[in-house]
Amino acid sequence: MSDGRLETVTLEILLQNVANGITLGSLYALLAIGYTMVYGILRLINFAHGEIFMISTYFAFYGIAIFALPWQLSFILAIVLTAMLGVVIERAAYRPLRDAPRISALISAIGVSFLMANLGLVIFGGRPKTFYRPQLFQIPIQLGRIRVVALFFIIPVLTVILLAILNYIIYKTKIGLAMRAAQWDFDVARLMGVDVDRAISVTFAIGSALASIGGIMWGLRFVEINPNMGLFPGVKCFIAAVFGGIGNTTGAVLGGFLLGFGEIMLVAFLPGLAGYRDAFAFVLLILMLLVRPTGLLGEK
Amino acid sequence: MTGNRSNNFVRKAGIALALLIAFYLCLFWVQTGWDVYKVRILNLSAIYIGITLGLNLCNGFAGQFSLGIAGFMAVGAYTTALLTMSPQTKAAVFFIDPLIWPLNSIQWGFLPALLMAGLVSGLVGFAVGAPAIRFRDDYLGITTLGFAEIIRVVFTNTRTITNGALGLKGIPPHTDLYWSWTFALVCVLLMVRLTNSSYGRALKAIRDDEVAAEAMGVNLFYHKCLAFVISAMMAGVGGGLLGNLITTIDPNMFRFPLTFTVLMMAVLGGLGSITGSVIAATLVTVAMEVLRVLEEPRVILGIFLPGIPGMRMVVFSIALMVVILFYPKGFMGDRELGLDSFRNLAARFRRTFLRKQV
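Residue numbers (the numbering used here), protein chains in the order written: chain A, 1 to 300; chain B, 1001 to 1358.
A couple of the hints might just be wrong.
Selected chain A positions facing chain B (Cβ under 10 Å, derived; list incomplete) [what the hints assert, rightly or not]:
| # | residue |
| --- | --- |
| 1 | Ile107 |
| 2 | Gly111 |
| 3 | Met116 |
| 4 | Val223 |
| 5 | Pro227 |
| 6 | Phe232 |
| 7 | Val235 |
| 8 | Val283 |
| 9 | Ile286 |
| 10 | Pro293 |
To be clear, the hints were calculated from the coordinates, so they are not data collected in a lab. We put the CB at the ideal spot given by N, CA and C, even for glycine.
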């Protein structure tokens, strides 16, 4: 009897962890898409992507807290502003270095990342803020033995829908064609009449908008936001992108899911290794690069 | 002819010796006469000079973009601290989980401890570098960043060796100006000798074109690895000096911002310039202290200005961005400032001056 109860509890905990893993994985996936798209087109690790994600949560936070906007409007504004921020960063910090050695562009990216993290610290303050959670995301749902809030469904479903929309844009529209052409070769794409600069701007806008959606969901999920939250999710999501195959949007989503899921499962099943959680992603990266450098689904 | 040459050698050696004595006399004067705060800044400058040169060797001269310097500094700092702390202090610091056996009963002198730090971080550097060195620029960057983070996470979790997140306290303050500036001097001399050797030319060849260098018979793996290991050793010894200067270390000191600071020094000075690194490391260290003004509340002309925490790093990030966007080669590019350049400058000045006279 007692054994049976023990098993039930374990199953519940297992299911709860599965739900946590899928949610975290979806959030990583949303961020990883931005990395993979930028890397695919510019061959540059956009270190600032994590900070774009961080700042978007503050946009949404201040929209509600200071300007007293309804949360729907505040979230949409945050997404639009973040997309613009991504485009501005590309114009200011990456475009002038497009023909420079790759290391210069990389240093520029690290510089932007630090500038934004520290500006965040100066403007928003170092003390964590509490993100507003609208009722819609808090509706409890009973699923067999476990109880979760609606957010746990909304996040993965949203991620899958966004991936479908993104793949439609990339493979079925004209600007998507331009982006794919620019991935192959800037000069040839230009000769074919493709506006490469515009394609790159659109890439940054889409990537940043997805990071912003990820950021807002992150705020809804973990409630607490602070100016330093960008760096490590950022680096981890780049790893997720490499894991899935850099330049490949579906691969990035898969990599994000697996990384988030793996982290949660590592903590759940090997609590002795819980302290090593933050190293997990890096170990995965190093193994992946040694064994299969093109990622699970291959580079595109 | 030979007499002339040996005379020349004796003269040069004499000048070098005189400069060296003057340098140490200066250090003696500063160490005994100046206040503690300024001495500390000078100590930090010297340590950062050495570490920046190490990073520059790997990232600038060899073109291998490594972001793992903070990890190697952590290895060096912990090695030196654990070897120099007295058994009594260790027993007091490790009050939750006792320190494992051989470390808890030994106490070494500072020099062997520093050499050991160099050795251990060199070994770790090899273990990291050997698999990672084959990756391209940005992949190498993110992999080494990952290794540094793994080192930090491991140090946080191995409580019986590193005392975990609590860190080490009561490290003997061995570092003084003689130690730190000797370290800086040794690093500068090492770099000068290295870069003017066939080894240094091989590194520059790898940086400029790997494939061509390999075709010319440069052993890529050997040279890249050696650059990586020497860089790690310099960071390790520098980390050791840093630990015994500030007497308290914990794993969170050695996060990515530390690597960023050193990288910034190397980039501002010019990747590939020894004098650039020396100048930039000194200037940035001093500026870090001077700009503390921005972060402290104070009253200027009757107006109360609240301090803005984080403002210093904003200033430095902007400086880095400006340099990388508008002067991508830094202060010095890959040129050097030495007696020759002064002589050239004087000659050019004289020429233009004379021409104007005519």
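Taking the hints in turn, this is what the structure says about them:
1. Ile107: holds, 5 Å
2. Gly111: At 4 Å from the nearest chain B Cβ, Gly111 of chain A passes the 10 Å test, so the hint holds.
3. Met116: The hint holds - Met116 of chain A has a Cβ within 10 Å of chain B, the shortest such distance being about 8 Å.
4. Val223: Constraint on Val223 of chain A not satisfied, violated at 23 Å.
5. Pro227: holds, 8 Å
6. Phe232: holds, 8 Å
7. Val235: holds, 7 Å
8. Val283: holds, 7 Å
9. Ile286: holds, 6 Å
10. Pro293: holds, 8 Å
Checked against the numbered hints listed earlier, the structure breaks hint 4 alone; every other hint is satisfied.
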